[in-house]
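*Asks:* Next come the chains, spelled out residue by residue.
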Amino acid sequence: MRIDPNMVPEMLANLQQSQVQLNTALQEVATGLSVNQPSDNPTSAAAMVENTIATRDLDIYTQNVSTSLATVQTASSVLSSVVTSLTSAVSAGTEGANGTNNSNDLAALASEVQGILTSVVTAANTSMSGTYVFGGTGTTTPYTADASSSTGYTYNGNSDTNSVVIGDNTSVQINLPGSQIFSSSSNNVLGALSSLVTALKGGNSADIQTATASVSSALNYVGQQQVFYGNAETQLNSQETFLGQDKVTLSMQANSLVGVNESTAATDLSQAETDNSAALAAVAKVMPNTLLNYLAPPA
Amino acid sequence: MGGLNAALLIGVSGLGAAQGALDATSNNIANVNTPGYTREEAQLAENGQSESGGQITGGGVMLEGLKSIRDELLNMQIQRQTSMQSAADTESASLQQAQSYFTLTGTDIGSALSSLSSSLAELSGNSTSSSAQQGVLAAGQNLATAFNTTASGLTSVQTAANQQIPNTVSQINALSAQIAQLNGQLAQMPAGQDGGTVQDQLDQAVQKLAGLTNISVTQTNNGETITTGSGTPLVEGDQSYNLQTSTGTGGQLEVLDSNGNNVTASITGGTLGGALNIANTVIPGLMTQLNTLASQFATAFNAAQAGGTDSNGNAGAAFFTGTANLSTAAADMSAGLTSASQIAISSSGASGGNGNVANLSAALTTALPSGASAAGGYASIVFNVGTAASNASTQSTAIGDNLTQLTTQQGAVSAVNIDEETANLMRYQTAYEAASRIVSTVQVLNNATLNMGSGSSF
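Chains as they are written, first to last, in this note's numbering: chain A, 1 to 299; chain B, 1001 to 1458.
Calculated directly from the structure, the hints in this document are not laboratory data.
Keep in mind the model is a prediction, meaning the values are calculated, not measured.
Beta carbons are placed, not taken as given, at the ideal position from N, Cα and C, and that holds for glycine.
Computed from the model, here is a short list of chain B residues facing chain A with C-beta under 7 Å:
{"#": "1", "residue": "G1110"}
{"#": "2", "residue": "S1117"}
{"#": "3", "residue": "S1118"}
{"#": "4", "residue": "T1365"}
{"#": "5", "residue": "A1375"}
{"#": "6", "residue": "V1382"}
{"#": "7", "residue": "I1418"}
Simulated coverage check for chain A against chain B, where a stretch passes if three residues somewhere in it have a Cβ under 8 Å from a Cβ of chain B:
{"#": "8", "segment": "7 to 21"}
{"#": "9", "segment": "34 to 42"}
{"#": "10", "segment": "50 to 63"}
{"#": "11", "segment": "134 to 140"}
{"#": "12", "segment": "168 to 174"}
So that you can see chain B by itself, here it is in the shape it has in the complex (with noise of 0.2 Å):
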């Protein structure tokens, strides 16, 4: 087809595919800050030509349609490290508040350790003042109370993540039915349309799903198949699989699928994963070594306490007490004299006599079973609790550095760049200017051609 017509059609299949990325540019400049928002393309293609009388002419401009522009790769890589961190964090923000009962305050196990030994070595030197043994007696509380204080401290820690848990097994279950939900919808769309705002949707609820616990995803025709720890399904399609909690034997908090198999085990990342680390390994494992030291430094000061002389003549009592539960051991603790004249201060029965006071300090730097003495077991812990929350942290640090990389990639893939859609703008526009004076001007030269017939042109 040739003459005016095709000129027309072309002009306005250019006012037509101008529109479309005008659309394009607007939506993205409209959605510059929203989160999860991918960049739109407009599509265009060449019309086929056309042949007339041997000419061969173009068809003009098509838009096939706004594509979305997103590196799928990438956010499964960027899914992956969201958990990984997300995890990290959660162990870090509840490790940062174990070891504040760990940090030299006054009242942590280490400075009640301190001050029970040298009011034994001031006992030592002035054994009959009234002071010095009061001095020891009330050491000997204040050790005791940090030993409460931080096994309560512990278990708080640990309560919270407990509490955690549940919550963030309703959360994945909701995200799961979301993303079930938006599966389907992707599901009816005609195949090979771009998922548009449907797949910005259920990419960000599948990046939220990963930051509370470790998944994996797959493309399938129904949509992405997610599934978590070692293949326990969350979505399948349109359909979602909910996680539930249960109390497991020994009370820790077990996360179970939708069959009731215990999957606790292989779930390691995000929020879920760190809280199930918390409570269930790390602050465990803290507290057997809080608990053992408890146990086997009353063991052994009481040991000592038994083998002197009290003021009052009598066999010395057993100083600490409520230790006997090794469970429950750092938490019951408690100082069992209620006098400073019960302290065993003599080892010969005979009054004044201080001989014991050295068998008392002897049991704070002698080996306890556990192989270090009272302070190295408690450095020890220290030690640990430190370990885990610096490593926590520096793991978190590093995690994010990549994030940051990773995001700054599929930025540099999806995100609106304001410059680029202002030149757009201006690109379309001049487009759309010139597409339309090729209408004005054809239809300038239909009315020229229509009015060569009549009269007042001769």
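So here's chain A without its partners, still in its complex pose (with noise of 0.2 Å):
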């Protein structure tokens, strides 16, 4: 049988396959990646597409978890100062109505629960970084002293809260207004103190005895409130849990959609090479070659 004597263009494809495999194994090992563009894996591109943005938008959701935390943390803390303030008024109110004190005593219990309600109130002014953290979403001083008012203080914040994107469609509140926690119309903490101050002032035990149960119920109403940002707590800690292996998640999968395996990617350059160099290697050795050059050129 007649075979092709012409090995040229034959060669030639042989050539520039192992050429595609040689850019295709340096492309690999250069860029890290299996797949450079969405030919190469169309499945996996488009998986990338959802990988890209979930793994970006994981950092901000870690980075609002660290933030919300640190607010969270700090009203639960300023709350629990508040608790143990509150605590102290009540034992002044309950000392102060046992009838034994006298109008010094008096005096000085009442001027001990309006350093209380000056510290109450300061706590209740807490800003972290700009914002103040029981101001509804206001920006400006939520307590601010106000002589028309019943309790001295009047409310500039809002009722509105704040919540901050931590997750995929998931939100966590990070705040209560002031006017939820201190001044609220059923349990009016800065009233309470307010009230006790004016009743220790007056001397008269039965008011004092009631003010005093009023700071007190106010005390446990405060305590119900820290709750709320006991649960935000639990709740951000064990997202943040939970974004931390989303994270390992998420590189796991682009590694396994576009990623190399190094070892394979460089065994497979080297392969290519040697390859590649066999195959010029063949071409240079057949090429020349024709029965021509065995013969003696004509005498």
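Relying on the hints, combine the two individually framed chains into one complex.
*Replies:* Shown next as structure tokens:
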């Protein structure tokens, strides 16, 4: 049978093939990616669109969780100090109501409770990186002194709350407005303290007792509000753990979608190099040979 | 006829045969690298024998002619595969270009969606920060730009294909005319004579034509009849028929036959078929998906924006504009907001609130009317463009392998082998030398015979 004497096209096709393999191997090693354009693996390329978005969002979510956690923890510790202060106020009230105090003692107790009121207002005006923790979403100082108000203070914030996105379609509410914690209509902390100051100054044991009872109930109320921050903290902590796991999952997914195994890629590259040299050497050896090389030139 | 004269004539016929064979060999060697050249073989046959006085004598050799060695069936297979490969190559080149707009480069739609999503999450944690607000505005503007760039990229691929169509049609017409002329030349040759050079040129032209469109070739008495698509004649005998292009009602290019009938749908092969597929089917398909995504996403995001209040206390204005016309949504999309203070961050109207940010984020993750989220919709376009590009190049490679095999088979039949020709050169040289020795021997014998009667010999 006659065979195709013209080896050039086939040799060129082989050389081209080996060149393509060499380029692919080189690109994989250089970029560390097995998918450099959608046609390399359409399914992986499509999956990577969502993976890229999720990975980048995850970093922001993690960031949001840690800033929210700081806010929530600050608010929680501020409320703890308020609870401590209110406990002292209740003791002061109880002491004032026992009927053994002279007017000096009562004045001292009144000034102690006044001091507690001031410290609670300071606590209610706590700000973190420019934002008031108990001002709702408002940007003004939540509580300012107001002689016309029955409590002596007026609330300048609003009753809104802020939620922070910490996951896909997952948000966490990170604040309660001051109007709910410190000056709600049913359990007005500042009002109860003010009344106690007034009662202590008045010296009527029954009034002092009533006022102490409402501070005591305000104390319980603040304790209940603290639970909100405790819950938020728990949610944020568990989200932080989840995001950490998710990050690993996403990066493993990205790696399996478009990553290359470095040792495989390196082996492929060296194999491709060897193949390419072999193909070139074969062409160089075969091409110039014809029968003419072995014939003596005509005499 | 017997005697020395018979030997002389036989010797001369040997000389002629060897000379013809040497002609074929030298022509083969000279054309070893000529594209489309088909090797020739000298056709030798015995001359009729003669009888004289009961003696049968051979009549020497006869050179019947030089014959080109070709396999028309193989040629037709090669033509068919060439059409398919050429279409796949054309599509592959266009799609390689198209898919570059869908690669993760940082400026593609996927990266822009990612920036918008993360900037919104950042805004949620830091709603009063002006840099976080600027981040969202910039990400939105970048997304609109990414849609614009991708749409114009696809359009440029389509435009390139559209330019290729009339160019290819005029090349087809030129080749058809050339083939018709060669058909005419073949028809004028005496019946039974080898087509030789003319046939080589014809095959070469048909081969080129096959690269431009899908053809079917029929051998007739008038040479080759060539049709494209589903029977549209290009060449019949020495007559060629021109294709033409025209713009259809939808603005797409159409191919018409010489009578003005639209034959676009039947042209599936060659550069023309590939370019038509890209310009009229593939790119418009991707464009529709892209426009739908742009329009539906803009609508969803604008709705979320409208549900909130911006930093100036106004209801959220449309974040994205220009997407009203579905057929140009991606190209015309632009950011409608001019200032970061127009982002509807708050849901209650109170300043400092971030209640609407979650709704804006949700517009990115919630399923659009198409059934997928913005990212999911974009991912499916990436998948489609990637699959189309990968299919075209896989097809091209597969056909290429097949074509290499067919070409090898064709080479085995028709290509010039230098070793073979060198061996033939020596063979015919020896034959020529031997035949000329017969002539000189007969001459010596004739002289000897003529001198038989002269005195000096006796």
